[in-house]
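J.: Go ahead and model the full structure; you've got the sequences and the hints to work with.
Heads up, the sequence shown is in the numbering used here, so the first residue is 5 and it goes up one at a time.
It is worth saying that the hints were derived from the structure and are not from the lab.
Accuracy of the hints is not assured; some may be wrong.
[Claimed, not checked] Using C-beta positions, here's what the derived DEER-type ranges look like: (1) T132 - G74: 34 to 42 Å; (2) N40 - Y80: 13 to 21 Å; (3) V115 - D28: 34 to 42 Å; (4) S127 - T104: 38 to 46 Å; (5) D53 - T104: 33 to 41 Å; (6) Q122 - D97: 18 to 26 Å; (7) T79 - D28: 15 to 23 Å.
[Unchecked claim] Pairs of lysine-lysine, BS3-like flavour, derived with a Cα cap of 30 Å: (8) K108 - K76; (9) K108 - K78; (10) K82 - K108.
Where a beta carbon is used, it is the ideal one built from N, C-alpha and C, also for glycine.
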Amino acid sequence: VARNDDTEYEKRMRKHYNDTPCFDEYDCLSDRLSQNQQIFAGEGICSRDGRLVFGLDYDGSLQWKNCTAGGKTKTYYKDGAITDSFVMSETADFVIYNETEGVKWELPCDVDVERHAQCYTLSSGSMTYDCPYLHLHRGGNVALNYIDGNDLLSARH
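T.: Structural data, given as structure tokens:
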């Protein structure tokens with residue numbers, strides 16, 4: 005489902021994922037999630053090959069999932085609702101919100117992370133990410149990319 009505020013890159017990514025294993029269960033937004041980018045039930049970031057997803061299922065549970073037959077699922081938060089949304093904050097905390105109740109669940113990041121503008125640009129130049137941001141790799145790792153105290157791009161899996 006395309007949104008009116010989708011960038012051209014996001015529109016291409018949605019089209020790319022149409023015929024992948026996770027497509028039947030999730031609306032794959034991209035393989036990266038910007039800090040403070042809100043995702044809703046049924047949305048997630050998917051590996052470029054569309055086999056793996058990290059996001060909210062249609063019941064509002066936060067999951068990492070292998071969508072292929074017999075694939076594994078790891079649930080981080082299971083008391084979700086269809087009206088919930090997920091955000092990774094600019095300090096890399098994972099937060100589940102409910103539209104009426106506010107914050108329902110929060111998982112603080114275990115390292116000190118601060119927001120940095122435009123720390124990564126896709127090689128095509130079509131999308132720029134502020135740090136921190138999440139990146140779901142083809143191998144299944146969800147990497148937290150951020151700038152540490154020495155101004156280095158760091159990734160935690």
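J.: For which of the previously enumerated hints does the structure constitute a violation, in increasing order of number?
T.: none
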